[in-house]
Every structure is written in structure tokens, then in C-alpha cells.
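Chemist: No gaps in the numbering here: position 539 of the sequence shown is 539 in the UniProt record's numbering, and each next residue is one more.
No lab work stands behind these hints, which were simulated from the structure alone.
With a Cα cut of at most 25 Å, we get these calculated DSS-like pairs of lysine-lysine: (1) K688 - K720; (2) K108 - K120; (3) K309 - K186; (4) K252 - K201; (5) K186 - K224; (6) K581 - K546; (7) K82 - K965; (8) K422 - K309; (9) K546 - K607; (10) K186 - K201; (11) K962 - K201; (12) K248 - K232; (13) K422 - K409; (14) K82 - K947; (15) K562 - K581; (16) K874 - K201; (17) K201 - K224; (18) K562 - K607; (19) K691 - K678; (20) K542 - K607; (21) K402 - K372; (22) K872 - K894; (23) K705 - K688; (24) K252 - K186; (25) K402 - K481; (26) K546 - K493; (27) K971 - K82.
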Amino acid sequence: MVEIVISVAAKVAEYLVDSIIRPLGYLVNYHRNITDLNQRIDSLHLARERLQVPVDEANRQGDEIFPGVQEWQTYAEGIIQKRNDFNEDERKASKSCFYLKSRYQLSKQAEKQAAEIVDKIQEAHNFGDRVSYRPPPPPPPFISSASFKDYGAFQSRESTFNQIMEALRNEDMRMIGVWGMGGVGKTTLVKQVAQQAEEDKLFHKVVMVLHISQTPNIAEIQEKIARMLGLKFEVKEDRAGRLRQRLKREEKILVILDDIWGKLELGEIGIPYRDDHKGEDEAWNLFKKTAGDSVERPELRPIAVDVAKKCDGLPVAIVTIANALRGESVHVWENALEELRRSAPTNIRGVSKDVYSCLELSYNHLESDEVKSLFLLCGVLGLGDIYMDFLLLYAMGLNLFKGFFSWEKAANKLITLVENLKGSSLLLDDEDRGNERFSSLFSMTRLSECMMLNCTRISLKCKNIDELPQGLTPFSKTPKKLTVLDLSGVSLKPSPSSLGFLLNLRTLCLNRCVLEDIAVIGHLERLQVLSLACSHIYQLPKEMMKLSDLRVLDLRYCFSLKVIPQNLIFSLSRLEYLSMKGSVNIEWEAEGFNSGERINACLSELKHLSGLRTLELEVSNPSLLPEDDVLFDNLTLTRYSIVIGDSWRPYDEEKAIARLPNDYEYKASRRLRLDGVKSLHVVNRFSKLLKRSQVVQLWRLNDTKHVVYELDEDGFPQVKYLCIWSCPTMQYILHSTSVEWVPPRNTFCMLEELFLTSLSNLEAVCHGPILMGSFGNLRIVRVSHCERLKYVFSLPTQHGRESAFPQLQSLSLRVLPKLISFYTTRSSGIPESATFFNQQVAFPALEYLHVENLDNVRALWHNQLSADSFSKLKHLHVASCNKILNVFPLSVAKALVQLEDLCILSCEALEVIVVNEDEDEDEDETTPLFLFPKLTSFTLESLHQLKRFYSGRFASRWPLLKELKVCNCDKVEILFQEIGLEGELDNKIQQSLFLVEKVCV
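My request is simple: use the sequences and hints to build the entire structure.
Modeler: Structure (C-alpha cells):
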């Protein structure tokens, strides 16, 4: 009994001692714990910086960051941001009456926090560089412009779509077939089906493989499906088995295989599966719509119906035949029907005899031999993408355009003939926006023998040939009349001397070749087109000076090219097209050397090419430019892409913003970039080009304060895309108050996209009066990292009229610490109101708005905006605007009915999202209803002062909301509270972030 008492007493004593010693330890070790915590936070900061490096790289590569890494970053950011709060608490504790109690609490908290941070730092070390994963690529956009958009829609299209969607919703349905001849719109239809299936969440995954074609490549199909699923085949064996296993992991998956011509073994691919034809009326309706109502005449209708039947339901055949016979007499129709009946094409898999007869008749009805020859040339190039540039190279070599010897005129002729073929439905537009390419419906192997009776050229396509057979001289026995030779992708070391026998050669393509000595081409004196794009070649031969008839020289992306002999360019006096894009290692000679001392060509040779119309040039060293200021003034260029300065430096975050969008890369025909030019005098050498350029990029200019006036007094009337990056002396883009000069009426009248970043001295985009209409075509504006920028525009308006940006669709303003207002009409630059967007500016077309790190902005919107301003806004992101107390006035919030995505992050002072600025309104009498009918995503993160969505009683509806994220909002106690439109505002409702309207059943 005594032992039990002693044991219990000892245990009690142990707890008593521990309860006394531990608090004393917190007091005694107070300074050590505080110091230790600060050191741990410093270590956490370093760990965060180290982790940020692979995270940034992953973001640049488009990878997804692991959720655990994101959570770690959020934790670290929160701890680092709270350090100041903790230190402030420590300072206050030293002055408090409850000094010991505060020290005890802070010391205990510091010890606990430091231990936790140690674990988090170890967790960051465990991440290493594995912070992300490569997501499966998104499927191609399902809905795009229909290839046969001019055909009109069959009446059954909508019903067919609905039938397919109904079948997809049927749980017992395992396979659906969509049947029809080529061109009826099956691809467009199933793209729409896939899009709708994704929107309706019918499947967890939708995979679509286009263009299976007549000869399906099983490995390629497997690769495409695997890529969309994020599956990698490490070995070639048992791909079907691995793909089958991966597909079975998906609970519900839709696999669409397009353009199947025959039986396809799904099991061989690895796709697991279980074991009324369109009426003729719609084909006839399409035929009648195209041919005209005259086909309903009694004497013509029976013949027209038989002709339409011969088209076998194929819109390509229907439209081409109907177009060819539109308005013709009965005799012509009868003859056409007889031709269709007599036609006897060879048996071609996947194409019916009647359809082929229609295609042959369509070919015979093409309006000229030129367009027929072009169609046959497209057939030689085969199915798939056909690039306009390459087609022009071949067409010139084959002399398809009789009497058109100029490259520019031949290009215009080609465009005309291509449009003719598109109008005849024998060529299709490429669906990728901006690319100058199209697709041929037929390869030469699918043209009937009738079309090839007079064949004058043969194409033998052989893949995977690295070099020509040794010991052979293939060109010595080649027909003397050969005019086009394309050996792209072949290693020609050494170049065959027999090339010199091809004396009639007009086009020679040696793209992607490994080349050594190609002096033999000097014998090809009739050569008009020479393309060496992407080839490995160190030096151009001086023998090229003999090519006096050369019109086209393509040296794009010849990275190894360094030597161009002196006077070589000068000697090519008939050159119309010269491209050296990406060939940045050419060792141009500087001006001033005696001709005897020079080895390489100098840039001044270009000014002697009076016929040059297209020039693509990149010069890394501006000092190599001639000093006479007439290099480009003497040239009559219609297309150019000129880069002066270092164009190959890796992009950082700011520079990435300045990259050209795809549509300008392809559509803009006049582009100029000046990078690192130190002197305004050098910049002025490009004044003529600046006036005509559609894309202008000004990077790292050190001697320019104002773009307009100093660089172009005419106000850049042609520019559509303007990017200015890292110009430390730039103060205004347009400044019209410091000189006696009034900007012209067309100043930036065509400007569509404006990018300004890292301009440390910029105070405003425009300062001073300009005429109405300037900047009226702006569609995209992005401004970032301009430390002194106070307002974006300072544009005095006449008679107080509202200034609108009617075309502006996207506005991004980031890291602008002194920015006060977007717009001011006072010459002093001081805005009339404290709001960022005031009643003087309207954005009727704006869809995307991103504002971030605007430290000087206290309120974003004025409460009396025009009715249509911001009415089309779809995406709004507000981040790190630490002085704003609210996001919207009540009137603005009610107008955002198109809003789809709302994201508000890290605004330290933000208390409510919506505020009622009308103090006279009695909120007890009127309960506002916030309706966001299209909002699907809503994010509130790191808003430590946020309490409520709206300061008073309200109701809200969010019918399409799919994603709601509320994170690190410390003062939010209740997320949602359901209320009626009438009743008292009780305490529970006051504490709720959102109030939603109660639905009475």
C-alpha cells in the first residue's frame, strides 16, 4: 500500500514540476525562442526561393504543379507575411502591463512555430526538383470554322446531332457510327458533339483522333490517344495492351475516331469494346440551292435529278457540279450527264465510281489550264497541309503562270488561283488561324487516268533517305528539261557534280540538308529559286554570282552560315525575295573597309537590289549598319521582317509578355524590331520603315524619351502591334505639350495591341491633347513593371465628352506602384476622382481585366459609369491591391451579367466585395439581388480583412457556379446563409460571407 502511495505521489510530483518548469522555461528562453523563430523563417525564405526556381521552370514549360508543392508555397508565404505581425506583437508585449503573460504566450508560440518550420523546410528539401508533372495535352478545339461553311446546313443536321447526344446519354450504348460520304460535315458534327459532351460532363475524358485516312497507321493512332491520356510508351511492344489497360481506368470515356474509310480493328489499337442512311432530299436541296431554281423547270428537272444522284451525296461533288452547270442550257446538262455515265475511272478504294466521275467532270470544268495545272500540282504534293510558300516555289519553277516572271506578281496570281480552287471545293482552308496553308482533297494517286494522259512531271516520294546512293550520278541521265528539283532532308556530302547537267533547272530546294561545297550550282544559270532553309552550311560559294536570273533566295534558319562572299548579294541584281531570318551568325563586314581587305559581304550591298520586295533580316550588331542612312530608304519593300539587335536571348518573364501572338506572326507583312540600339541617330535610320510597319518592337533603347515625334512625327499610322520593353529613358509614348507640335489625326489610328513593360521612367502613355479617334482601334493593352507610371492616358476631351475605347477587349495592368488612375482629362495629370475607372472613360467591349500590385489605387470603379461600360466583362482578376476597401460599387456589380471568372487575391485592406456608396438609400426597404447568371469560377484568397460579400442585407444567385475557392480569409466565419427576401438581418446573417435566396418548394 505504501509503494502505491509513493508511486502516485511521484507521478503527481512529476506533473507538478513539469507544469511549473515548462512555463518558466518559456520565460527564461524567451529571447532564444524568438531569435530561433526568426532564423527558421529566414531559412524558410531561402527554401522558398530555391523551390521557386523549378516551379518557375515548370510554369514556363506549361506543367502542372503538384498540389502538395502549392500548399507548401501557400504555407511559406503565410508564415513569411506574418513575421511582421509577430514582431509587432513582441514590441507591444514589451510595453504591456501583462508583460510576463505576453512573453510566455509569444515564447510558446515561437517554439511551436519554429519546430513546425523545421519540418516544412525538410519537406521542401524532399521535393527536390520534382515539383510538377506533365499533364496530358488538351484535345484540339472541337468547334472550329467548318471546312464547308459555304454549303449551308442540311435540315437533318440538328436532328442528327440530337440523336447522337441522346445515344451518348444512353448507359447501354457502347458504339455509335456516323456514316456519310467525305465532305458532308461529319468531322464538324462530331467536334460539336465532343464539345457538348464535355460541357454536359457526360464523360470523364473525351479523346478525339482526326484524319485516320485510307491507310490507318495503328502506331500513330495509339500515340495520339496515349498523348491525350498522358500515357508514354517506353517500348514499342504491347502498346495495345498498355493502352487498353489505361483506357479501362477511366470510369467513362468517349473515344472519337474520324475519317475512317474501311474496317478498323479496335482491338488491334487497344480500344476495349463490346460485341438510315441520309435521305436523298437533302442532297437534292443542296444541289438546287447551288445550281439555282432553274433546275425546277419541267424540261430540266429530270436531268438535274439524275446528275445530282451521280454525286452520291458528297457535298464536294454536289457543289462543284452544280456550280459548273449553273445557268447552262438543257443541252449542256444532257452532255454533262452523258459524260458522267460514260466515265470509267479505275477502282479506287473508298471512292465510289459515281463520285469519282463527278470529280473528274469538275476538273474538266475548271476555267483555265493554269488552274488545272495548279490542281494537279497540289495532287503531286498529296493529301494534308500545303504551304503557300512552297507551292509558289514549285509553280515558278514549272512556269505554271505564263508571262508572270515577277515573284510578287506570281504570288498574287497564285492566291487568285488558289481561291478559285477553294471556290470549286477542290481545296480546303486550313482550320488553324493565321497559317498560310490549306489542304488538298485528293492526291495524284486518286486522279483518274484521264487526267494524266498528258503527264509532264513525276513525283516519287521516298521517306527516310539520309543520302543519295554512292557511286551513282543520277542527274547526268535526268531529262534535260527538268525544271524543279527538291532534295530536302538529304545529306549531300559531297554535292553530286551531276547537278551541273540540269541546265534548265529553275527551282532547287535543298532544305534541311547537310551541305559542304555546293559550287556546282553556279552552272545553273537559269535558276530562279534557290532554297537552303534550315540547312547546315558554313559558306555560300562565290560561284553563286553567276546566278544572274535568281529571284528567290531562302536562307532561313541556317545557323551555321557565317560567310557570304563579298559582292555576292550585290551581283544578284534581279533578287525579289531574300530571307535570312534566324541566320544570326553571318559575319557581316563593317562599313569603311577597303574592298581589298573585305572577305565577307556588307549590309550596304542590299541597297543595290532595286527589285527587292520581300526581305527577312536579323543583324545582332547595330554598328554593322551603313552610316549613310539610306540602306532601307532605297528599297521598295512590300513585305519585311527586320530585327536589329540581339534576338536570341532567353526570354524572362517580362520579355515573354512581348512575344508576338500567332495571328500577327503570320498575318503582319511588315515587322520591325530594334533591340539594344544605343543611339537615337541609329534608330532614325529606320524612320521610313517605322512609318510603314504593322508590328513594331522597341527593346532596350537608351536614348529615346518620346516615341511619337522623336521616332515618327506622323504618329505610326500603320502600326497594329506595338511592344516597348526595358527602355529606361522612355517618359511618354506620345507627348504633345513640350513642343509646338500637334499630333496628326491618324496617330495610332490602327493600333490594336499595346504592350509596355519594364519602363522605369514612364509617366504616361499619352500626355497632352490628341485628336479624337486616336487609339480607337485598341483591342489589347498590357502594362507592367513601370515604377513611375501615374496614369495610363492623359487625354483632354472636348466639352467634357466621355472618352471611349470601343474595341478594347483585354486590359492587364501589373506591378505599377504609383498608378493613380487609368485615365485623366486634366493637363496636370491629377485625376478628377479617387477611383481608378471614372465616369470619363467607357469600355463597352472589355472582356478580360487583370489588375495586380497597384499600391496607390484606393477604389477601382466610380459608381456612375455609363450604362454599357464593362457590360461584356467575362474575366476579372484583382491581386495585391492593398489599399482598396471594396471591389465593386453596387451599380457596377449589378451590371456584370456576363462575368464568368472572378478572382480576388491578397488585398490586405479589402473588407467587402460590393459596397453601396449611396448613403441615402434605406437598405431595410430594398434588398438587392445579385445575379451572376454566367459565373462559373469564384476565388477569394488571402483576404485577411474580408468579412462579407456585401455590407448590408442582400440575396444572390449563382446558377452556373462550378468552382468556389475561399482560402486564408481569416475573418470569414460562415460561408453561406440562406435567407428570404424579407425578414430581419440577424447576427448569424451578418457573419455570413454569402447570402443566397431561399427557394420555396
